[in-house]
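Novice: The lines below spell out each chain.
Number of protein chains: 2
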Amino acid sequence: MAIEINKDLITQIAALVATQSDVAIQELLAEEHFADVAEILDEVNFDEATYIIKLLDSEKTSDILMELDEDVREKILKNLSVKEIAEEIDELDSDDAADIIAELPEERQEKVISEIEDEEFKADIQELLAYDEDSAGGLMAKEMVMVNENWTVTRCVKEMRTQAEEVTRVHSIYVVNDEGQLIGRLSLKDLLMAPARGNISKIVRPKVDFVNVNLDAEEVAKVMQKYDLEAIPVVDDNQVLVGRITIDDIVDVIKEEAEKDYQLAAGISQDVEADDSIKELVKARLPWLILGLFGGLGAVFIMEGFEDALSSYKHLFFFTPLIAAMAGNVGVQSSAIIVQGLANDIVKGSLLNRLLKEVGLSLINGIVLGLIILAVSPLIGLSFQFGLTIALSMLCVIIVAALVGTFVPIVLDKRGIDPAIATGPFITTSNDIFGIYLFFIIAKMMLGGF
Amino acid sequence: MAIEINKDLITQIAALVATQSDVAIQELLAEEHFADVAEILDEVNFDEATYIIKLLDSEKTSDILMELDEDVREKILKNLSVKEIAEEIDELDSDDAADIIAELPEERQEKVISEIEDEEFKADIQELLAYDEDSAGGLMAKEMVMVNENWTVTRCVKEMRTQAEEVTRVHSIYVVNDEGQLIGRLSLKDLLMAPARGNISKIVRPKVDFVNVNLDAEEVAKVMQKYDLEAIPVVDDNQVLVGRITIDDIVDVIKEEAEKDYQLAAGISQDVEADDSIKELVKARLPWLILGLFGGLGAVFIMEGFEDALSSYKHLFFFTPLIAAMAGNVGVQSSAIIVQGLANDIVKGSLLNRLLKEVGLSLINGIVLGLIILAVSPLIGLSFQFGLTIALSMLCVIIVAALVGTFVPIVLDKRGIDPAIATGPFITTSNDIFGIYLFFIIAKMMLGGF
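For the protein sequence lines, the chains are A and B, in the order given. For the first sequence, the UniProt record's numbering begins at 1 and goes up steadily by one. For the second sequence, the UniProt record's numbering begins at 1 and goes up steadily by one.
It cannot be assumed that every hint is accurate.
No distinction is drawn between identical chains; accordingly, a pair holds when it is met within one copy or between any pair of copies.
Result set (DMTMM-like, lysine to aspartate or glutamate): computed pairs, CA atoms no more than 25 Å apart in a straight line [to be verified]: (1) 255 <-> 74; (2) 189 <-> 166; (3) 207 <-> 57; (4) 260 <-> 117; (5) 357 <-> 70; (6) 7 <-> 120; (7) 122 <-> 90; (8) 255 <-> 219; (9) 357 <-> 42; (10) 283 <-> 22.
Simulated from the structure, these hints should not be mistaken for lab results.
With the hints as constraints, model all of the structure from the sequences given.
Specialist: Below, the structure written as structure tokens:
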């Protein structure tokens, strides 16, 4: 289906660029989908990519630009003049055009916008740029097929031939009244089956899903996934139709959200990829490691406080990594399930029920694990009393860790903070310190003498 | 847009069911989207859900059944006769019908299939059931609009009126030759704009994306996301058109895959939700906890081996949780980035380059963290030599943990095992043990005397 992108191809293209074999390059890439060309440009070095972009037609390169890796696109745009950028943008849909402009440094944004010749397009872009990028307004495009309820079917089809030239994908035809307010929809199927002289208002389907322009992007994704929609109209507070969001943009939102949550859970604080520079990777990873380090130093401090136990109960200090690991694992498991539940809106039921469930769950897990400890203790030469102490304090640590792992995301979510921050190193570090402290306190109560 | 699903509504519905107020229930739910009704049924208790399903029309309940939470659906289906199930299935698209039958116990599957009256539909379902559920064949539906290249546009529109009744969403019209092989596509827009007596073969677009029926579901998702497709035809090894996959099914695949990876990273071994029973949650979480427990016991064993250090260097034992935490965090960060990179096909470049990058990254992170240790040691009353020992061994542990975290997923991936298993408790536990061992070995070399 598509050209296979491998080392040989990249070498071949690099050679063609080096010899400036323009015709050969164009032939090679002419039949390729823009997403494949973008993948190739992500792989060749930066100068070669710029060369190829300048060589190909604007009509193709604008789509290619959209598909490029963000960092590559940023570099290429730096090397284009504002006039060249405006030419590329002219070929795009309004949502993609607005996204590209938004990526530019502020001084360049104004200059590029002023270079856009189509006044209507310029106005559309400026309107879109005003919206929050994580809202429906930030996702939507102005291109869609919109008809007036008072038209006949014939006039509707005629208008559509004009409008549909602009629109890449026609799903529903949106029907508005004289005030521009969304009042219903039609499918192409409906139009095909309808009598030519019929009136739109007779065949319009009044039941139409829509979202408000200020709705959060993740909420839009949930609506579209729940109702299996492929496009959804966007209205303002007066129900006036202002734009449309298509499923391909939502698929990207879903993927990005999933990757962000996964990285937060692993203690990576910004959007990085395996092929990023070392500097980028350090910036993303070091902060969480420093947090973990201070957690570990906290544990050192706690253990210094209990060092009297070393003489009689040195094994307590051998068990600290085990206790910390259990506290961490249990905490991460609890928080991961809650974070996913919050994302899917399935955390219902009272907080008290959830508390009881986690305690019950932790009791069962803790008892099983405690029994394993008791079974293993004699093999390490520990007394039954000591084994029991370890098992019981581990049980308490597990219950507390599960409760913390459950409630921290819920509390964060209620305060409007992304609960996914509560998974990963944040939870493991705090549970480590607290778990070790609790462990020694209980051991002291049960064994005494220090 | 939709009814708001809250506690009051659930109580209201429960009351209506208790008093068997059938008309009231039907009125309340008549205007609701099936996805919303399914959400309501997920919330009411099981008997009430069954009552409502039996009350509503098959045409609506079949869609509702598809949207229900898996566990709720399983229970409801248990309470329906094979004839009743066949009636529900009759209203569904072939891919959904096949999915529901596949969820039933094997003995029931045969009986339900035999109750299906439409022979063609029965044959379709049986064909779909033969495919692997994680392949394109397992995702596709047989319903689509297919026209022959030799027809006129008029005949095409006529045939479509028949075929399109079955098809919920018409995106592309697929064009086949006399052997049934996919040779191109048309959009409804093309048909609208074409002269009535024209021939399909004159307006067909030969360039059409497609996937092979045996392609892995995740690969299908990547193709559809890359090329912004909303539907893709599926062909067999002879290029014969056998089905179609729509974007809404792919959105579900993407979401499920993301959730599965996230849960694996948190050490949860099967698909659970926050509202599952305690028994389900224990089964999913305990195995990883036991793994972590044995890791911790391994650490105990290692430390027993070095217990001679207790007299002179007791602080080594206070630092073990810190070392374990660093090894764990670094390992998880490395593996998370690699796992995401593998999923997005962006882990390119030689393995050697990757090795060097991780070592460089770990050196920088490790040196910064080591300097913090050196700065803090005097405050805890530790000698510079001791602080340096801790810092250096932590640096080695970090480098090793990063390499392990990088290479384990890559090796798993090359052997066809889901690399996501390598994140979470698996990595943290093995890095804990190895890290603590390495720590003591290096401390012994630098400090001596034990």
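Novice: For every hint, state whether the structure bears it out.
Specialist: Structure-based check of all given hints:
no.: 1; hint: 255 <-> 74; in the structure: within (21 Å within a copy, 29 Å between copies)
no.: 2; hint: 189 <-> 166; in the structure: both (20 Å within a copy, 12 Å between copies)
no.: 3; hint: 207 <-> 57; in the structure: between (42 Å within a copy, 20 Å between copies)
no.: 4; hint: 260 <-> 117; in the structure: neither (38 Å within a copy, 48 Å between copies)
no.: 5; hint: 357 <-> 70; in the structure: between (44 Å within a copy, 21 Å between copies)
no.: 6; hint: 7 <-> 120; in the structure: neither (44 Å within a copy, 48 Å between copies)
no.: 7; hint: 122 <-> 90; in the structure: within (9 Å within a copy, 51 Å between copies)
no.: 8; hint: 255 <-> 219; in the structure: both (14 Å within a copy, 14 Å between copies)
no.: 9; hint: 357 <-> 42; in the structure: between (49 Å within a copy, 19 Å between copies)
no.: 10; hint: 283 <-> 22; in the structure: neither (40 Å within a copy, 62 Å between copies)
Violation of the numbered hints given earlier is confined to hints 4, 6 and 10; the remaining hints are satisfied by the structure.
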